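S.K.: With the hints as constraints, model all of the structure from the sequences given.
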Amino acid sequence: MWAFVTDFFTYETTKSVLVKSWSVGIVNRIVQLLIVIYFIGYVFLYEKAYQETDTGVESSVMTKVKGFGYQSNQVLDVADYVYPPQGAGVFCIITKVIVTDNQTRGRCEEVSSPYLDCANHTECQAFYGNNLANGAVTGRCLKALNASKGKCEIQGWCPAEDVRLSREPMVDVNNFTIFIKNSIRFPVFDVTRGNFPEHMTSKEIKRCTYHPVRSPLCPIFRVRDILNYTGQDVHALANKGGEIGINIEWKCNLDWDEEFCKPVYSFSRLDAPFAKNPVSQGYNFRFARYYKKDDGMDYRTLVKAHAIRFDILVTGNAGKFSTIPTLINMVAAFTSIGLGTVLCDIILLNFMKGADQYKAKKFEEVSEAQIEASLSHSQVSQLSLKPETKNLCDSGAVSLSNDLAL
Amino acid sequence: MWAFVTDFFTYETTKSVLVKSWSVGIVNRIVQLLIVIYFIGYVFLYEKAYQETDTGVESSVMTKVKGFGYQSNQVLDVADYVYPPQGAGVFCIITKVIVTDNQTRGRCEEVSSPYLDCANHTECQAFYGNNLANGAVTGRCLKALNASKGKCEIQGWCPAEDVRLSREPMVDVNNFTIFIKNSIRFPVFDVTRGNFPEHMTSKEIKRCTYHPVRSPLCPIFRVRDILNYTGQDVHALANKGGEIGINIEWKCNLDWDEEFCKPVYSFSRLDAPFAKNPVSQGYNFRFARYYKKDDGMDYRTLVKAHAIRFDILVTGNAGKFSTIPTLINMVAAFTSIGLGTVLCDIILLNFMKGADQYKAKKFEEVSEAQIEASLSHSQVSQLSLKPETKNLCDSGAVSLSNDLAL
Amino acid sequence: MWAFVTDFFTYETTKSVLVKSWSVGIVNRIVQLLIVIYFIGYVFLYEKAYQETDTGVESSVMTKVKGFGYQSNQVLDVADYVYPPQGAGVFCIITKVIVTDNQTRGRCEEVSSPYLDCANHTECQAFYGNNLANGAVTGRCLKALNASKGKCEIQGWCPAEDVRLSREPMVDVNNFTIFIKNSIRFPVFDVTRGNFPEHMTSKEIKRCTYHPVRSPLCPIFRVRDILNYTGQDVHALANKGGEIGINIEWKCNLDWDEEFCKPVYSFSRLDAPFAKNPVSQGYNFRFARYYKKDDGMDYRTLVKAHAIRFDILVTGNAGKFSTIPTLINMVAAFTSIGLGTVLCDIILLNFMKGADQYKAKKFEEVSEAQIEASLSHSQVSQLSLKPETKNLCDSGAVSLSNDLAL
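Residue numbers (the working numbering), protein chains in the order written: chain A, 1 to 406; chain B, 1 to 406; chain C, 1 to 406.
These are calculated hints, taken from the structure and not from any lab test. Possibly wrong hints are sitting among the right ones.
Repeated chains share a single entry, so a pair holds when one copy, or any two copies, can fit it.
[Said to hold, decoys possible] Result set (DSS-like, lysine-lysine): computed pairs, CA atoms no more than 30 Å apart in a straight line: (1) K48 <-> K304; (2) K251 <-> K64; (3) K66 <-> K149; (4) K304 <-> K143; (5) K20 <-> K149; (6) K206 <-> K304; (7) K206 <-> K15; (8) K353 <-> K15; (9) K48 <-> K262; (10) K203 <-> K240; (11) K149 <-> K206.
As the structure is a computational prediction, the values presented were derived from the model and not from experiment.
M.R.: This is the structure:
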């Protein structure tokens, strides 16, 4: 029992060989220095391994567009061209519209060409279930008297949309401004931040415009600038529509004052991967405004809207000193310093003058043969312990000399 | 000073025992082999530990629904049944409506049964502040002459919505198609991808329909197929409404060509956890269309819409070779190879024939008693170094023999 | 060849020194105990390092608001004050409106003061391109006869919005209820959960109201309670508008039954960082309702809506036992136990009585001089191996004695 306790509190440490050699010693210290530099420079300072990080940023975005656009001599305001109107993080500025007024339910001929051209009813019946027309195909071919070609009849809202009635794109979008209010929260540290400083006055905000260098914290963005940063042409974009991403990135080191936790803005064209593809370029959608005549009859105005969609994408992470990751990484650093021995052992035991002598010093050899020999010996001389250990010692010396002889 | 420098450049390496034993040697190599296989096979090849990963995929989704539905002999088009219309990543296809036309502000009796049945005013006053009626309860009971039962009066938009006036669900939703344009970006690697190949022509896209095997990259999805993949019945879904998730998963290995970075689609019913619950099955919402009479009086059409809501959920991660994680994991691999010794030491020192002999070789023992003895001895013979070391050597031998005697 | 094979299956283990010292032994075991406690208590039990985790929760939210509000003696229902109506995870309850009826396209004078006050046309021309007016500035100054001051003319929708026509805020929002249906999925484990228990009956749900202690799983939230939890005043909020976050947090330990995977709700004011800033407090947006006269003339009602926006933010992670992380962390634990020796070696070799003796035991010294000496010696007596090893042995003893002499 007592033996077990004393055994338990025995301390085991490795036996080491100290090699007093300049070359290996210097290599060893240089390797250790490199490892220390890597840990201090990269792991601790650059990667901030002493910090606990929070990547699950909670974000809330409010936007407000300002500006007036001209289209067919009419002035359009925010309520006309921004959809959806509630100032969310994703919104569209409608730049070009194809308006089909006074649609009522009924039957009429398809307009858009070359779809649904027909010479007889049979040709139209082939289009049953066609999703690309402006209404459900009835299977009848509507032809002017004596004409050889006609258009298939559709059922739905009539008259059908005519792409040729497209209005001019509203390039005044260039002068519009977007005000972005973004508040974020890092739930792990319970830190909340807004995208413009508290001390910014109403006057300052109303006068400023975002500029990456001159006013990187102004929350008002001119559309012209955004398009410039992304290298887009306003005429092409207003004509076809498109998607622009406004990325707000929060990288916060909360070991400093919260005041230094500021947003960084970047801009990109989100539908860029489809730019080269002839299919479905740009961005458009259809919506309708419903009206009622006094007699209760429904009619509507169908609008096909080409729009620039703005997506405010908020990403972020925050870090703050924490004991646990610091401890873990310090332990990792200390154990890694020992890794220099791997390289130095290779040098010492292979490439140094007298490598075999170093090997003899570092390695003690014991073979099964010796053990068996000593076992049989010990069974003979159980009472005399001293000779046995001497024997062991001798055999060790022998094995060393053998090793040197190799 | 010089002694300090030479000491500093001393190289310390562990002294090792080489055991020339087949059994332990083979076990050792097998354990090392397993560790190497684990690191190469699992950590490096399967988990791709040599890669830096980016999990913060930025995504932008555009959708477009096509198709015509019939309801009460009327043809409905996209502008009628898709809400919200702007083609966002979350949209509803309205499949069943309860329309209450010509509502004006005023007072009238509640319609829906069995709520708000009453025999007298007192009973109605108990419903003050009830949120489930179609308007604010006024506290009056409206009864036909001589009737024993009536309905409480409400204030708000009249007449109240009558669930019995529900229209037939539009099962044509089955034939609708959803076109999904999804562009993603991995900000760490600045890689942008679209969900269909650049070389796909307009014609190909218009003709194809998504199929997991035959055309896994076609961006056009037939609603019928989506419902099939999720095991849903169109009649039940169109009647009650529901939520369908279209998951687009991007798992990209950017060590290969970007062309191989393709989306994988999967489909699920999002409100499945509530399927068994009798409460609030399906999905519906109310909205109103506002009209004005020529005299300026407001009236509205209230619509309770049961809808299938589609949520496009985009997830993804990308990996690319990076030196830092590769180095870290290689170091981890090399140090882990040494772990085989733990197991082998246990075998060698406990289960091998001659374990005690191996112990004697591996361990050198030193006890406080010896140290104290040598200390008192050294104080006596400070000048004679040789005997002292001999003494140490002897004590070592003694301790070894003691150990063997245990 | 055979020598290579036998060499390959040689097992190398470190030679150790067993120190039979109570003080160091106890320190060693205490350090090891602390490391074991850290790993079992913190890493395994608290941090659940034996689990694979899934942080990419997929979520789908459906909301439904109920309640009636009074404004200027009119009763407002859900279709009037909730925007957008489709019951998404982000929605607004409109609490205060500034309604500008019967706007038609044309020219008129700006209303809002002090903007665009003018004495002559030149002053107005300075405002060209001003985005803060209610329309595009034409550059003309409209003055009453003989008046010294006037207002600039604008082109757009007339009459211009007049802030003074603001209606009373609807404080009845306090009594509204919000029903939240949230279903989530952990894709890695394919686990789907809903935010209220399956066995909850329709009756229970209709009667309950969320309370953090009494009914933490009731999916119906009274706006009054939400405002209380966030410390907001309904009058201020209804007047200016604001953003309220409802955070649903799912932290699931899937080693237990899925039934224990429940949501936890928390509430916060999202635009809190802007509370102290005089600029753009609250939350408002503008939208228009378009009407048509029988003669086809468009007119609209412009609404500036102050609203409380509710953002349902869903976060979550799930963990489940997995062999790989368990193995990795157990290996890390076992190797870390050895770290106690670093501390103990420092104590043993520096602060213990007889530290030099311990050093002598732990370290064997070999210097380049010795190696060179033995090399030259061995070149002389290549045939006699025994003396050589003796020499080595002696030099070892010498170095030890030197070390002791330091």
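S.K.: All hints, please: hold or fail.
M.R.: Right, here's what the structure says about each hint:
{"no.": "1", "hint": "K48 <-> K304", "verdict": "neither (51 Å within a copy, 47 Å between copies)"}
{"no.": "2", "hint": "K251 <-> K64", "verdict": "within (25 Å within a copy, 36 Å between copies)"}
{"no.": "3", "hint": "K66 <-> K149", "verdict": "between (49 Å within a copy, 27 Å between copies)"}
{"no.": "4", "hint": "K304 <-> K143", "verdict": "within (27 Å within a copy, 41 Å between copies)"}
{"no.": "5", "hint": "K20 <-> K149", "verdict": "neither (102 Å within a copy, 97 Å between copies)"}
{"no.": "6", "hint": "K206 <-> K304", "verdict": "between (34 Å within a copy, 20 Å between copies)"}
{"no.": "7", "hint": "K206 <-> K15", "verdict": "neither (74 Å within a copy, 75 Å between copies)"}
{"no.": "8", "hint": "K353 <-> K15", "verdict": "both (24 Å within a copy, 19 Å between copies)"}
{"no.": "9", "hint": "K48 <-> K262", "verdict": "within (18 Å within a copy, 34 Å between copies)"}
{"no.": "10", "hint": "K203 <-> K240", "verdict": "between (36 Å within a copy, 20 Å between copies)"}
{"no.": "11", "hint": "K149 <-> K206", "verdict": "between (60 Å within a copy, 25 Å between copies)"}
The structure does not agree with the numbered hints 1, 5 and 7 stated previously, though it agrees with the rest.
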